[in-house]
Amino acid sequence: MSSRLLTSLKKVPVEVYPVVASVVGGCVLSGWILVHNFNSSHEFVINKKKGWPYMEEEKSRNEYIKRLFHKENINSGDEIADRRKEESDMSATQTQTTIQGPSTTIDAELDKIKQIFSEELTAGIPEELPEMPQWDESIPHAPKRPITFTEETFKLAIRNALRYFPSKFHAQLAIEFADELRKYGHIYMYRLRPTSYEVRAYPIDVYPARCRQAAAIMLMIHNNLDKKVAQYPHELVTYGGNGSVFSNWAQYRLMLKYLSEMTEEQTLVMYSGHPMGLYPSHPGAPRVVVTNGMVIPNYSSKADYETMYATGVSIYGQMTAGSYCYIGPQGIVHGTTITVMNAGRKYLGVEDLRGKVFITSGLGGMSGAQGKAGVICNSVTVVAEVNEAALRKRYDQGWIMEIVSGLDQLVERLKKARQNKEVVSIAYHGNIVDIWERLAVEDELLVELGSDQTSLHNPYHGGYYPVGLSFEESNQMMVENPDLFKEKVQESLRRQIEAINTLSSRGMKFWDYGNSFLLEASRAKANVMDEKGKFKYPSYVQDIMGDIFSLGFGPFRWVCTSGDITDLDTTDAIAADIIESIMKKEEEKASSETKKREVTKCKLQHRDNHQWIKAAKSHQMVVGSKARILYSNAPGRRAIAAAFNEAVRDGRVKAPIVIRETSNVYDGSHNTADMAVQNFVGDSFRGATWVALHNGGGTGWGESINGGFGLVLDGTPDAGRRADLMLGWDVLNGVSRRAWARNENAEDAITAAMEEDEQLVVTLPHHASDDVLEAAYRGGK
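For the sequence shown, position 51 (counting from the first letter as 1) is numbered 51 according to full-length UniProt numbering, and the numbering increases by one without interruption.
No lab work stands behind these hints, which were simulated from the structure alone. Don't take every hint at face value.
Restricting the straight-line Cα-Cα distance to at most 25 angstroms, the calculated cross-link-like pairs of lysine to any residue (SDA-like) are [stated by the list, open to error]: (1) K346 - K509; (2) K227 - L254; (3) K601 - D577.
This one's a predicted model, so the numbers in the text were calculated from it and none came from an experiment.
Let's have the full structure, built from the sequences with the hints guiding it.
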């Protein structure tokens, strides 16, 4: 591509540059030519006086073209938006004119990808075995799975893996798979990893599919496995240490083949990463139904998981890995921002966190959002991370501003930033326990807020690294001496809690981030329980976010499948307008006392979310697909989805939009899974494009059940109908559950919803007084 473009530009006058106009990052640039002025670093402009000779040296011109069209630059965040901003900011002293051309020009690089996809994605498992790819040291790889195989399970794992291949390959592959089991503790089938293209989210039109919904799901799968997005892409793990998309690369190839063949009269059934097949269905049914880790409860221990995963019969899909819905660290940044912001309001009594310090740990797929969230809240944020590759990844992506290695250096930097009320995110390359213990002995209290986002749903297999061991030493010990490693982890947790307790007694506020931190600390016999046998520290869901969730506000995410950053800009503006409109209308039509009370409670959330979406682009959060996250309630989601669908229909948005899913529960039902299962089932017959039900969610295998969905808005009236039905149900089901658990906010929210919709009839609780219960306990005395 680059040599052909360069040759063309040499030969033609500036007036015909539109003929060779290009698509960069999958984004149609209306046929304009991208030209770079090396003196002023401005692009997207042709200077009519000088034309191309801004770059008079051949080397400069070649290097620019090479950089511009190298595949690493395709789909690389907000680069196109940055160029457009630079264009508008150019000095008025430059004589410039833009040259427009046909907006349908297709980049040759994407043409090439389209051709490759038409051959490879439709082929499934190849008829002849491909060459074994070279091991890529530049990519982070999952640590070896610490499983001890019996002869029976070892042979079973290989037998199950060979099911995907004709018997003529069995002898060769059996030896190869046995080697993978011994080296990695799992059969990933590295031989089938694609090498003719880079796995990432391409524009939807590149994907070979017979229906638009299937192409959208292909895009979402590729985003989950993008090396810029996924934690261990070659092991098919998106985040959390073991949040898998598939168990092996054969499943990946088979699913993409089925999606390429699928019609709207078929549904693809996915059993824990395995594509069971295409089954006759109808257009109103989901195109894909996913279940991950659905096991009989008595067989849901972590040891059971390790055996099932090793033998290829189940996976842990986290919340969004195995449901093809992950949108990179942005997917959690809004929730993290709201959490930190409301922690400041609740614990510190401030709206602005300038001069306040927030300390936490983890820079992985989800935890990587913490630095960005802290900056958005104007705090001084310190995030500890032992994995240098993960730390560098977030630093290179702009999610962390500074890196510090030594404790003395960190403390000095912390004092300076705090005193100057800097807005900064600092990554500490080291163990979080070292930070807590150092701060606990400082004369001055240097931290106001604290949390933890290590992957403690997976504490002994790479989710938590104990103090006193290096990253490499831990990876070795967890495999070679798992019992000793478990002791080290538990000792580390005890030390961590001891330091947190010291700081908490001096005024720091700490919360659990739903990552099983308090649970695993208690299992390690750390001093984390109060005199009543409850955790000393609250869960963020219960103490900070519970009231917000109970009002029906939760994460609403969308992906612009065109890959065009301007589509994302358009959707941001649409969402902002909808929220502003809702705020005005709700105040005007609030009639009953319940409705007025609910509107008052929602007002602050609407305001926060309006500010968020207005500023979202400036925070540069896009990694991978062109996606956005926004917290909204049922009326907001339904209105936004309808407006998105209309924008696709009238062409303001160039391609379909994918939207995707979304304890303050005191009645003893927090360990029940009815709500998640009902969401999964209810979403499926109300119009979801795909639905997923997972064992584990974000808290770990056996610790929760998560139901999710994906919905493609393609601009049709049918898509609008589906969105309205499904989003209303998906949100109000959760609110109803919280209302029945006697949550006041949820009762107000569901009562207000019933006033709006006469077809909605929900059972509400009657409240028993403490006096009645006390008398009953004492036998009526």
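To see whether the hints hold, each was checked on the structure:
no., hint, in the structure
1, K346 - K509, "10 angstroms, holds"
2, K227 - L254, "21 angstroms, holds"
3, K601 - D577, "20 angstroms, holds"
The structure meets every hint from the earlier list without exception.
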